[in-house]
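Following the hints, position chain X against chain B.
Chain by chain, the residues:
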Amino acid sequence: MNSYLDGASALTDVVAGVWGYLRTAAGEATSSHTYLLSDARWICATSMCRLAPETPSVWLRERLALLESFRSIGDNADGYGTHRPNDGVLGLAERVLRSLEAAMPPSRVAATADETVLIAFEAGERSGALECYSADEIVASIKLRPGHPSTIWDLPATPVQIRAAAREIQRFLSEAEEAETGVSAD
Amino acid sequence: MCRPIDPSFAPEERLFIRVSYARVRDGHVRPDAIRIEDCAVSVNREKYSDSPADVLLAAAPEHNGIAFIVAGDVPTAFRPPADHLVSRVVDDPICNSAPLPDNKAHAEIRFVERGKPYDKQMPLRAAVKSRLKDAIADRLNIYLYPTKYGPVNES
Chain B
1 MNSYLDGASA
11 LTDVVAGVWG
21 YLRTAAGEAT
31 SSHTYLLSDA
41 RWICATSMCR
51 LAPETPSVWL
61 RERLALLESF
71 RSIGDNADGY
81 GTHRPNDGVL
91 GLAERVLRSL
101 EAAMPPSRVA
111 ATADETVLIA
121 FEAGERSGAL
131 ECYSADEIVA
141 SIKLRPGHPS
151 TIWDLPATPV
161 QIRAAAREIQ
171 RFLSEAEEAE
181 TGVSAD
Chain X
1 MCRPIDPSFA
11 PEERLFIRVS
21 YARVRDGHVR
31 PDAIRIEDCA
41 VSVNREKYSD
51 SPADVLLAAA
61 PEHNGIAFIV
71 AGDVPTAFRP
81 PADHLVSRVV
91 DDPICNSAPL
101 PDNKAHAEIR
111 FVERGKPYDK
121 QMPLRAAVKS
131 RLKDAIADRL
141 NIYLYPTKYG
151 PVNES
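These protein sequence lines are chains B and X, in that order. In terms of the numbering used here, the first sequence is residues 1 to 186. In terms of the numbering used here, the second sequence is residues 1 to 155.
No wet-lab data here; the hints were simulated from the structure. A quick note: this is a predicted structure, and the numbers were derived from the prediction, not measured. Keep in mind that a hint or two might mislead.
[Said to hold, decoys possible] Not close to chain B: a few residues of chain X, all C-beta gaps over 12 Å, as computed: (1) N96; (2) D138; (3) K148.
[Stated by the list, open to error] Pair by pair, the computed Cβ-Cβ distance ranges are: (4) B:D87 x X:C2: 34 to 42 Å; (5) X:C2 x B:D75: 23 to 31 Å; (6) X:S8 x B:E62: 46 to 54 Å; (7) X:A10 x B:V160: 47 to 55 Å; (8) X:P123 x B:E62: 30 to 38 Å; (9) B:E62 x X:I5: 45 to 53 Å; (10) X:K116 x B:A65: 42 to 50 Å; (11) X:D50 x B:S69: 32 to 40 Å; (12) X:L124 x B:R145: 22 to 30 Å; (13) B:P149 x X:R88: 15 to 23 Å; (14) B:M104 x X:D102: 42 to 50 Å.
[Unchecked claim] Now the stretches of chain B that chain X is said to cover, found in silico as 3 or more residues with beta-carbon under 8 Å: (15) 79 to 88; (16) 126 to 134.
All C-beta atoms in this analysis are idealised placements derived from N, C-alpha and C, irrespective of residue type, glycine included.
So that you can see chain B by itself, here it is in the shape it has in the complex (with noise of 0.2 Å):
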C-alpha cells in the first residue's frame, strides 16, 4: 500500500477515510456516503477520500507492463539512433503511471523518437501529455487541436504535482466532451 501513499495529499485523504469509515461504523454517516470495507485492497469511497488500491486496476497493470516491454526495444528502430528509453526515464513513467487516479486512465503509452516516454491523454482534437525525459524530469501540456500551439509547462515528479496536472488535463479534455455532446462529463 505505501507505494500508493507517498505525499501529505493522500495521506490525508486515509486519515480522511479511516475517520469516515470509524463514522460510518458509529452509525452517523450520511445516505449520501458509501464506505466500502468489503475488499481488503480498498480503504474507502467518499466523498471525503480517494481510493488508495493496493493492487493495480487492469488498466494500470496494462500500461506497466507495456511500459517494462520498451525495455526491448533495439537501438536505431528508426533509422535515426534513436535508443530506448533509459532506466531514468522509465522509472518516472512508472512513477507518474501510480500516481494518477484510479479514473485517470491514460489514452496511449509511447516510447517516443527522442528517447522519452509520453503518457498521453486524447479527446477528440484535444490532447495533453505528460512527458518523461530524465528520471525527475516531466513536461505537461495540452494542445486545443493539431496545428494550434500546446500550452506546455515543467511539472515536479512529486504524485501531488502530478495528480495535479493530470486533473488539469482531464478537466481541458472534458470541456471538449461538453461542447461536443452538450452533457457535462460530470
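Leaving out everything else, chain X in the frame of chain B:
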C-alpha cells in the same frame, strides 16, 4: 564529400522524414515522431532525393510512412519557453562517414540561440524540446501514410 554543399533551399522544397503508424493520428504527425539530436532534426532534401521514398530504410520497416515540411514553412522563431531560439535549415550531405550510411540528401533543421553560432552541445531544457517538437510537428504534412508493421509497441 559526395557533393558540394548547397546552402540554397527553395521555399517550396520538401524536407522528408520517415514516421511510424503509431506516430500519426488523424492525418497529423504527433510531436513524439520528432527526434532532436545535437540540437537538430534530420531531414532528407527533395532536391537531392531520387524519390521521397529515399528516406525509407529497409532496416527500419516499422517507420514506413513519409512526412514532410516545406523549407519555407520551417519555423524561424518559437513561443516560450523556446523564444530564445531560432531555427535554420542547413545542407548536410553524409558520405563516407561510416558507420552512418551515405545519404546525399541529408540536411538538418538546426536550433540556434538567437545571435549565436550553431552549437550542437547547447543544452536544451525538456520543456524547450517539447516546444520545438510541437512546432515542427504542427507543420508536417503526410506524403505517404504509414501502415502497421508488427505489434504496435504502445497502448
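Results for each hint:
In this structure X:N96 is separated from chain B by more than 12 Å, as the shortest Cβ-Cβ distance comes to about 18 Å. With a minimum CB-CB distance of about 5 Å to chain B, X:D138 fails to clear the 12 Å threshold, and the non-interface call is violated. In this structure X:K148 is separated from chain B by more than 12 Å, as the shortest Cβ-Cβ distance comes to about 14 Å. The given range of 34 to 42 Å is respected by B:D87 and X:C2, whose C-beta atoms sit roughly 39 Å from each other.
For X:C2 and B:D75, the hinted distance range of 23 to 31 Å is satisfied, since their beta carbons lie about 26 Å from each other. The supplied range of 46 to 54 Å is met by X:S8 and B:E62, whose beta-carbon atoms lie about 51 Å from each other. For X:A10 and B:V160, the hinted distance range of 47 to 55 Å is satisfied, since their beta carbons lie about 52 Å from each other. Between X:P123 and B:E62, the C-beta spacing of about 35 Å keeps the proposed range 30 to 38 Å intact.
For the pair B:E62 and X:I5, the supplied restraint of 45 to 53 Å holds, since their beta-carbon distance comes to about 49 Å. For X:K116 and B:A65, the Cβ-Cβ distance of about 45 Å falls inside the hinted range of 42 to 50 Å, so the restraint holds. Checked against the hint of 32 to 40 Å, the pair X:D50 and B:S69 passes, with Cβ atoms roughly 37 Å apart. Range check, X:L124 to B:R145: Cβ separation about 26 Å, and the 22 to 30 Å hint holds.
Range check, B:P149 to X:R88: Cβ separation about 20 Å, and the 15 to 23 Å hint holds. The given range of 42 to 50 Å is respected by B:M104 and X:D102, whose C-beta atoms sit roughly 47 Å from each other. With 4 residues bearing a CB less than 8 Å from a CB of chain X, the stretch 79 to 88 of chain B meets the requirement of three and the coverage assertion stands. With 3 residues having a Cβ less than 8 Å from any Cβ of chain X, the stretch 126 to 134 of chain B passes the three-residue criterion, so the hint holds.
In this structure, only the earlier hint numbered 2 is contradicted, and the remaining ones agree with it.
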